[in-house]
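Chain by chain, the residues:
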Amino acid sequence: GAVVSQHPSWVICKSGTSVKIECRSLDFQATTMFWYRQFPKQSLMLMATSNEGSKATYEQGVEKDKFLINHASLTLSTLTVTSAHPEDSSFYICSAINSGGAGYEQYFGPGTRLTVT
Amino acid sequence: GESVGLHLPTLSVQEGDNSIINCAYSNSASDYFIWYKQESGKGPQFIIDIRSNMDKRQGQRVTVLLNKTVKHLSLQIAATQPGDSAVYFCAESGGGNKLTFGTGTQLKVEL
Numbered sequence: 001g002a003v004v005s006q007h008p009s010w011v012i013c014k015s016g017t018s019v020k021i022e023c024r025s026l027d028f029q030a031t032t033m034f035w036y037r038q039f040p041k042q043s044l045m046l047m048a049t050s051n052e053g054s055k056a057t058y059e060q061g062v063e064k065d066k067f068l069i070n071h072a073s074l075t076l077s078t079l080t081v082t083s084a085h086p087e088d089s090s091f092y093i094c095s096a097i098n099s100g101g102a103g104y105e106q107y108f109g110p111g112t113r114l115t116v117t
Numbered sequence: 001g002e003s004v005g006l007h008l009p010t011l012s013v014q015e016g017d018n019s020i021i022n023c024a025y026s027n028s029a030s031d032y033f034i035w036y037k038q039e040s041g042k043g044p045q046f047i048i049d050i051r052s053n054m055d056k057r058q059g060q061r062v063t064v065l066l067n068k069t070v071k072h073l074s075l076q077i078a079a080t081q082p083g084d085s086a087v088y089f090c091a092e093s094g095g096g097n098k099l100t101f102g103t104g105t106q107l108k109v110e111l
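Protein sequence lines, in the order shown, are assigned to chains A and B. Under the working numbering, the first residue of the first sequence carries the number 1, and numbering increases by one thereafter. Under the working numbering, the first residue of the second sequence carries the number 1, and numbering increases by one thereafter.
Do not take every clue at face value.
[Claimed, not checked] For lysine-lysine, the following DSBU-like pairs were computed, each having C-alpha atoms within a straight-line distance of at most 35 angstroms:
1. LYS64(A) - LYS14(A)
2. LYS41(A) - LYS42(B)
3. LYS41(A) - LYS56(B)
These are computed hints drawn from the structure, not numbers from a lab. On a predicted model such as this, the values are computed, not experimentally measured, just so you know.
Input sequences plus hints: build the corresponding full structure.
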C-alpha cells in the first residue's frame, strides 16, 4: 500500500517549452502533496506544498509563475515547468501524505528526470 | 535558516560489517526524524523514523539513535550488504509536515 507514481519518469524538452509532470497516489487519498527538486549529488529541496482544492504554498526563492502546481483531486497533483531552460534540468520528486493515515508520513514517488536542451 | 547536516559525505564498509551514518541537526524545535535510502535514479525510500520523545528505535537490521542534548541522529545498519549501497538522507520535521533533508551520505559496500 501507499504507492505514489509519477509520469513521465523522464522527459526531454526544448528550451522555451513547457512540460507537465504528474504525481498520483494510487491507493490512498492525499490532501497534501509536496514537490521537491534534486540536482545531481545534492539533497532534496522542497519547492512547494500542494493542497487539494487550494493554491500551492511555495518555498522562498521558488517562482510560482514558473512552476505551476495544480492539485485538482485527492489523488493527483501536477507540476508544470513553464518556459523551461537548461538550468531547470533536474530530478523532480513528489511525495504525498495519506489523508486517512496518521497524517505525517510522506510517501515518495520514483521521480521524474527533466532534461532541457 | 536552520538545516540538517551530515558529518561524512562518503562511507565505505566491508560487506558484513556494521555501518554507522551520522547526522547533526540544528533546529531544536524538530520533533520527528526520518532516515531515507535513495538509490540512483529513484525516489527516497523510508527506512526508519523516531520521535523526539524517544532516544532509540530498532527495525530490521537498522537502529536509529537520537541524542537531543547534542542534536545528533545516527543510523546503524547491521551486517551491511551490497544491496545497502545507496545515498542515505536524514530528514527532520518541526511540525506542519514539511521535511528538511540533510546533505546525504553515500554508503559504499565493498565485497
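Verification of the hints:
no.: 1; hint: LYS64(A) - LYS14(A); in the structure: holds (21 angstroms)
no.: 2; hint: LYS41(A) - LYS42(B); in the structure: holds (13 angstroms)
no.: 3; hint: LYS41(A) - LYS56(B); in the structure: holds (29 angstroms)
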